[in-house]
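Participant: Line by line, the protein sequences give chains A and B. Take any residue in the first sequence, count from 1 to its spot, add 25: that is its number in the numbering used here. Take any residue in the second sequence, count from 1 to its spot, add 9: that is its number in the numbering used here.
Just so you know, not all the hints are guaranteed correct.
[Stated by the list, open to error] Cβ-to-Cβ under 10 Å is the rule here; a few derived chain B residues that face chain A:
#1 Lys185
#2 Thr220
#3 Leu315
#4 Ser316
#5 Ala320
#6 Glu383
#7 Gln392
#8 Ala398
#9 Leu429
#10 Ser449
I should point out that these hints are in silico values taken from the structure, not numbers from a laboratory. Yeah, the Cβ is synthetic: ideal placement off N, Cα and C, and Gly gets one too.
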Amino acid sequence: MTLSRRKFLIQSTLLGCSAAASPLLTPVTLAAAPGDNRLVVIILRGAMDGLGVVRPYGDANFTSYRPSLANREGTQDLDGFFALNGALGDLMPLWRAKELAFVHAVSTPYRDKRSHFDGQDLLETGSNDSAAAPKAGATGWLNRALGLLPDARQETAFSVGPARMLLLDGPQPYSSWSPNADLEMSPQTEALLAKIYADDPLFADSAEMAMALSAKTDATMARGREGNAKILAAFAAARLNEETRIASFSIGGWDTHNNQSRNLARALGQLSQAILALKSGLGANWQRTTVMAVTEFGRTARENGTKGTDHGTGGAMVLAGGALNGGQVFGQWPGLGEFDLYQNRDLQPTDDVRRYMGWALRDLFGMEASAIGSTVFPGVDMGENVGIIA
Amino acid sequence: MPTRSQVIQAARFEYGIRPDETRFNGSLLEQLTGEDPLDALLPDADTATRFAQLQRVREMRRSMGGGAAAFKKTMKELRSQGARDAMHIFARMVQNPRGFRERLTAFWLDHFTVSPKDPQEDYMLIAYVNDAIRPHIAGRFSALLKAAVTHPSMVFYLNQNNSIGPNSPRGRRQGKGLNENLAREVMELHTLGVGGPYTQDDVRQFAELLTGLGIGPGGMRFEPNRAEPGAETILGHSYGGGEPRLEDIYAFLDDLAMHPATAAHLARKLVVHFIGPAARPALVARMADAYLASGGNLMALYEVLLSDPAATASDFPKVRPPMEYAATVLRALNFDAESILNASMRDTRKFGKALSAMGQRPFKPGGPDGWPEEAESWVTPPQLAARIAWAGEAARDYVDTPDPRALLQAVLGDTAPEALSFAVSGAETKWEGVALLLVSPSLMRR
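Just chain A, same shape as in the assembly:
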């Protein structure tokens, strides 16, 4: 982690200063914020089954591949070809308001080994290296994107939740806090702590931010189960209503090898609640917001022997927000015929998920497409604008 070191080292010489005077608690003020648009990136860990979420019931193979999973009960028709999994039914008003969209048959360049962990690393680093795991010192693509934002500062990007997100890791400073975290100590202890951490930047940076953010947030607002996506989303919305413009958190539970109907519905419920919490928390700012939920890869076109699906390749992304050109399923549908499938097994990816993320950055924050193609997603041919932002 490379969080800003700011004043922590100076702080250690100010033994005994009062909390009010502590430079830790003094917000840095800069002239301009990087625009009013907001981006939320949600990492769906465990490989979301795109075919089970945005269901191609117009493709005859779909029902034959998935005898126990493809029934249409509870699903909501989207466009006559795709139907939405019923567990996202609460989002239908957003679909009708063009504030919800999907991209089908997309993937990172990751192929064949189908490891969650390598797949997630690749999704978060945005690397072009389709096989190898990222090396130590790898940076997240969202961190590199921050480097292209001229007015970015520590508060501009926020990692929400206790776990570190590779997506935001790198040399650009960013904030990290969890809605139910809290830290209280006397000014003297705070000063002494600064002293014992002074030679260890990992601890020094982290403690500095913990103290600053703890003073700013009220942990009691976040009672409830830890890892609850709704709480993370509400916290993200609160930050986005202040100085933050980019927020990111994770939702797990997508690895549906078994009994997928129930388990996928559970994970989708979390995602649905998170999106709705963002919308209600953001109020008027929702109109300037884009939510991108992305996953490491899709799952097998055919259901497996245990009413679930195994690791696949092409997947789907879920988009929401008032800034969206929504109400449509983006992407080029490859078909599900035996020869259309990747290795006669997985949905064939027809586009790179990074192109969609890249164009969103361009449309929301005005970054040059060429800079995105060289710095944020090196090696990606950005091509024509995918047009997901209104």
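Knowing the structure of chain A, use the given hints to seat chain B on it.
Facilitator: Using the frame of chain A, we list chain B on its own:
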């Protein structure tokens, strides 16, 4: 006062210094051999006993229904036993003078990660640790591999129990098929490593070989009627072909254990876990060679690792994950392990919440790749805040707060950095002085 080398050893390979402990008289390797008196601490925590109890619970539900008061009471007991078991595993870290033994148990439990999702799986976890992991940490890796991969906890966690050969009698009758989860993770995580020389075809063939491996009365059971018939070719060799047998699965696992890619993968993981993230190709190669030359003995890996200069170096690039950190803190405070074993449900839950806030929900890693190794993964601002809050509470409320200066000497000897000595004596109260010691990099790093 501990010597410098004792402090370094306790940091890197154990759970830190426990001032009131009679230190184990022998080398780190010697900690691993012979009986461990703590094995007798919790009876009835073996797979057969636990599994029989789960069967009884299932029969109760069948005979009296899920709503019956007696059934509900039994389920409640089962749940609290699962929570007590977790505290028991934790208490051994705090109590065992053979700290390396506990660290290796934790290491291999993480290598063969299971993450219980319901009370019944919680209730089996300690049996998994006691039967599949603990007895095998200092023997042949093949024995550990076979015990872990075929244990009901693993079979259940990675869905092997209902993976069915599509052409087996049951597969044909019920139209059911494969689930390749366990096959993939054995190759990717447990043996060859994700960079290893296997393909999707190997995963598929291995998944077919694994069909038949299931759960039955007494624990693991092989069920020939759902095993895919015919031989499978994996990594260029043929397995099975006759009547389906568990031995065919064992034969492949034995070969996997002796694969050079497995040797390198295990060596690399041990180096990254105990030494640090820097690539040490020469050390890894020496460890892997020794392992293969010994016929796949884990002691050969440890021996080369422990004799490397990096094992006794005084820089500590790693950060203890929360459970390890909590054990280190409680050891430093001479915390009575009995009170961990007898903790109330309320305190147990509270402790679990504190660890979750530090980033580690106890014994519930997020995926089969276990907990992260990177120092950066354990020191996000909210995680560090949770460590500081918990350690402060421990210093203030868990024990009769000791003199922080004496404690500093007792756990760090003369290795304490000057800034830490200064801070510890400069605190306003005794407990804050102790808390500063407990949250210092000297106790968090290893």
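Participant: Hint validation: Leu315 of chain B versus chain A, beta carbon distance must be below 10 Å. Holds or violated?
Facilitator: violated (24 Å)
Participant: Using the nearest Cβ pair, does Gln392 of chain B come within less than 10 Å of chain A?
Facilitator: Nearest chain A Cβ about 5 Å off; hint holds.
Participant: Given a cut of 10 Å on the nearest C-beta pair, is the interface hint for Lys185 of chain B held or broken against chain A?
Facilitator: Given a least distance of 4 Å, the restraint on Lys185 of chain B holds.
Participant: Using the nearest Cβ pair, does Leu429 of chain B come within less than 10 Å of chain A?
Facilitator: holds (5 Å)
Participant: Taking the closest Cβ pair, is Ser449 of chain B under 10 Å from chain A?
Facilitator: holds (5 Å)
Participant: With a cut-off of 10 Å on the beta carbons, see whether Thr220 of chain B makes it to chain A.
Facilitator: holds (9 Å)
Participant: Does Glu383 of chain B hold up as a contact with chain A if the rule is Cβ-Cβ below 10 Å?
Facilitator: At about 8 Å, which falls below the 10 Å cut-off, the nearest Cβ of chain A leaves the hint on Glu383 of chain B intact, so it holds.
Participant: Quick check on the hint: Ala398 of chain B CB to chain A CB, less than 10 Å?
Facilitator: holds (6 Å)
Participant: Regarding the hint that Ser316 of chain B lies at the interface with chain A, is the smallest CB-CB distance below 10 Å?
Facilitator: violated (25 Å)
Participant: Under the criterion of a CB-CB separation shorter than 10 Å, is Ala320 of chain B in contact with chain A as hinted?
Facilitator: Cβ of Ala320 of chain B sits 21 Å from chain A, so the hint is violated.
Against the hints set out earlier in the document, violations occur for numbers 3, 4, 5.
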